[in-house]
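Visitor: Chains as they are written, first to last, in the working numbering: chain A, 1 to 762; chain B, 763 to 901.
No wet-lab data here; the hints were simulated from the structure. Any given hint could turn out to be false.
To give an idea of the chain B side of the interface with chain A (calculated C-beta under 7 angstroms), a few residues [unchecked claim]:
id	residue
1	I792
2	L830
3	L836
Just so you know, even glycine gets a beta-carbon here, dropped at the ideal spot from N, CA and C.
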Amino acid sequence: MLAVVAAPVAALSGSLRPGLAAPVGAGIAGLAAVATLVGWLSGGGAVDVAWAPSLDLRFAIELDGLAALYSLLATGIGFAVLVYSSRYLPLHLEHEREATGTSDPGVRFYFFILLFMGSMVGLAMAQDLILVFVFWDLTAIASYYLIGFDRHKEESRASALMALLVTGITAVLLLIGALVFYAAYGTFSIPELVELTEPGALVTLAGGLIAVAGLAKSAQVPFQFWLPRAMAAPTPVSAYLHSAAMVAAGVLLIGRVYPLLQKSEVLLNALLVIGLLSIAVGGIIALTRNVMKQLLAYSTISQYGYVVFMFGLGGEYGAMAASFYVIAHALSKSALFLTAGAVTEATHETEISRIGGLARRMPLLAAASGAAAAGLAALPLTIGFFKDELLFDAALERGAPFAGLALLAAVLTLAYTWRFWSGVFLGEARGHAERVPWALVAPVAVLGSLVLVGGILVEPFAALARDAGAASFDAPVEVEPAYHLEASPENLLALATYAIGALVILSRPIWIGAARAFARAGELAGPERAYNAALRGLNRFSDFIHTIEVRDLRGRVATILVPSGILVGLGILATPSGDVYRVGEVTGDDVPLVLALAAAAIATVAIIFTKKHVTLVLVLSSAGFATAVAFAFFGAPDVALVAILIETLITLLVLGTLKLIPRKVLESGARIPVRQVWRKGSVAAVAGATAFVVAWGTLSQPSAVEGGAAARLTELAPEAHANDVVTVILADFRALDTIGEVTVVALVLLGVATLLFRGRLP
Amino acid sequence: MILLISLTIAIIFGAGAFLILQRNLIRIVIGVILISNAANLYIIAAGLSRGEPPIYPLPEGAQVSDPLVQAMVLTAIVISSSIAAILLALVYRLYVSHDTLDLEEISRAERRAAERLDSGESLDDRESSEGRPEREERP
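Just chain A, same shape as in the assembly:
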C-alpha cells in the first residue's frame, strides 16, 4: 500500500528540493519493505472492493506468499538500489552534463522507479486478471522511461521503445487470455478461475496467451533480445529492473496463474522447452560477452530460463524451487549489477578485458560481490547452494535426463559467473581506479552478506519460498532445503557441477570460437532481426497510409468517405435485414412533397453538370429553394421560412464572391480529366450509396411514439405563452443553445469581415 503512494510523494518532494527526492524515496521503500514483512508475518491480508461492478471488475488484492515474496523483493532491493542511486545518479548526471551540456536534476528517475516499485507491489498482490493487466502495463510504462532515462541518446530511446513494444504487445495477449477466461467462466478472479476451470483446449489457449506475456516480460526465447539492449539504462535501473522487478514480473505472472497452467500438460512442456532454450542461449552468449552489464544481462535471461524450466518441471518441488530461485537470484544479481556500476564509476571502463586485479584496490567490494557471485554459481555456504539443490531435486523428481540438463545449466552458470568475477577482480592490475563513495559499496555489501546469511540460515528464505510455492501450486508445499553431508544424488550433481565447471573455465580457448559463432548467428538470424524488420515495415506502411491520406484535401475527403462506406456496407451485410427496410406508402397528400423532393434532386444533379458560374449559382439556389419547399410540405413552416431566407443569403453571398473574383481565376481548375471524373464519380457513388443505406435503414424505424418528447413539448407550449411550438423550443426550452448559436453567427461575421479586410477592421 505504502509503495503505491511512494512515487507521487517522491516526485513532490523532489520538485520542491531536488536533493530531497532520494532520501524520501529510499525511506519510503524501506518502510514499505518493513510493512510487507510485518504483513506477511502476521498472516497476510486481503482487500476486495467492487471497482466497476457493471463490468464485473473487482479491486481484489491479497498478501499471500507469492505476493509477499515479490513485494519484499521489489521494496527491499528497491531500497538498496535507491540508496545506491542517491550517490550514483548525481555522478551519472555529472557525466551526462559534461557530454551534452544540459542540466537535469533527475527527479523523474525517483518518480519512475518508485512508480515501478508501486505497480510491482500491486502486480504481486493483484488477484484479478484485469487488475494484473493494469499494473502490468504500469510497469511497462515506468520501465520505458527508466530505460530511456538518457533521453538524448538515440540508443537509449530505441532500447526503451523495444522493451515497451515487446512487453506491451505481448501484454495485449494477457488481456486477450483474460477475456477468453471471462467469456467462458464469467469471472476475472484468479482463485475463482482455478476452481472453475477444467483441463481442456480453452485453458491451454488462454493460459498459453497469458504465459506468452509472462515469458516476454521475463526475456525468454524468442523475446530475449530486448533485455541486453535495455542495458543502455543507468546501472541502478538495470540492477532493479533486471533482478527484482521487470523480468521478475514475468515469472511472477506465471507463478500467479500457475494453478491454471498446471491443468495443461502442453503448456508445462512448452515452459520446459522455452526454459531450456533460454538457459542455453543466455548462458552461451554470456560466456562470450566482454561488456560487464551485457554479460550480466544474458546471464539474467539464462537464470530466468531456470525458473521457467522449474515451473515446467511441475510438482511441489518445481513450484517451491522456482520461488526460491527467484529470491536467491535477485539478491545475487542485483549485487553484481551494482558492482558493475561501482567498478565503472571507479575505472571509467565497461569492458572486462580492460580491467582486472581490482581485488587489492577495492577489497570490500571484491569480497561482497564475491559472495554474490558465489551465490549465483551455487557454491556451498551461500543461498545459491540451495537453489541448485532444489533445482536438482525438482529435475530428479521428473527423471534422470532432466537432471543431466539441469547439471549442464548449472555448469554454464558457474562458468560465466567466474568469468565476470575473476575478470574484474583477479589477474593483473590494469587501468586506474578511483575511490568510490561508500553508498556505492554498502548496498552491495548488504546484499552480498544476505547471500551468505542465506547460506547458513536458510529457513526464513525457505519459508517465504514455501509460502509462495504454495500459492503457485495451490496446495501446501513441504520442501526443506538443508545441508546433507552424504552422497545423495543432489550433492553428487553439485560436485559434478563444480568439476565440469572448472574444466569448462580452463578449456576456454577451445570452445570460445564456437560460442562466439553461436552468438554471431543469433545476431544475424535471431528474433531481433525479425523485430527490426517488423518495425521498419510498420513504419513504411504507416508512411504510405499517411501520404495517401494527407496528400491533399481531396485525398483526405476520399479516405473518410470510402472506408466509412465500406465499413457501413459491411455492417449492413452483417445485420439481419428482414423487415428492416420499409418502402412506405405514398398517398395523394404526399404528391407536393414528392414533387419538391424531385425538384431538389434534379437541381442538385444539374449543379454537377453546370459549367458557367452564374448558372451554377442559380441552380444552387433553386436546389436550396426546392429543399425549402420540401420542408414546408413536411409540416414545418418555420423551417421553410428560415430556409428561404438563408438560401437567399447564400445565393447573394456566392454571387458577391463571384463578382469579386475575375472570371479567368474562377474557372481555374474547374475542368478535370475524364479519368479523374470517373474516379471522383465512383467515390461519390460510394458515398451516396452509404448515405442511402443509412438513411433508409434509420427512417424505416418505427415512427410516432405515444407520449414521447415531441408530444410533451407540444403539450407544454401553451404554458410558455406561445402558440408556435418550434418557437417555444428555440426561445424557451433550448434558449441557451440559441444564445450559443447567435454567438456563432456574430463570430462568423467578425471572421468574414477580418478575412475580407485583410485583418484590419475598418
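Please build the complex by placing chain B on the supplied structure of chain A, with the hints as guidance.
Guide: Only chain B this time, still in chain A's reference frame:
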C-alpha cells in the same frame, strides 16, 4: 415515401461528395452547402410524425409534425449558412494571396513556400521574388 426521401438524400449527398472532391474551390464550397442540405433533409425526415404544422390552435384529430426535429434543423440551417459564409470569405482570401482557385496550384505554391522556409529564406523574399506582392484590398 421513405424510399423516395432516402433516395433524394442519397442523391444530394452523393452530388455534394462529388463536388467536394473537385479542384475548383467554389465547387468545393458548393459541395459543402449541398451536404448540409442533405443532412437537414435527413434530420427533418427523421421526425417521429408528419402532418399539420405544430402551431396552436392544433387541428382536431389530425396528426401534428414533430416539432423537435424542426427546432434542430432551424439551428443547423443557420449554422451551415455561417459555415458557407466563412468558406466563401476564405476562398476570396486565397484568390487574393494566390491568384487562383485551383486547389492543386495552391498546394504546389504552399509546398514551394515550405521548401523555401526550410532552406532559410524569409517569406518576404518569396513575394518579391515572385514579383507578385499581395494586391491592394478592394473597398
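Visitor: Taking the hints in turn, state whether each one holds.
Guide: Against the structure, the hints:
Hint status for I792(B): holds, given a least beta-carbon distance of 6 angstroms to chain A, under 7 angstroms. Using the Cβ-Cβ criterion of 7 angstroms, the hint placing L830(B) at the interface with chain A is satisfied: the shortest such distance is roughly 5 angstroms. Interface restraint check: L836(B) against chain A, minimum CB-CB distance 6 angstroms, threshold 7 angstroms, status holds.
Taken one by one, the earlier hints all hold for this structure without exception.
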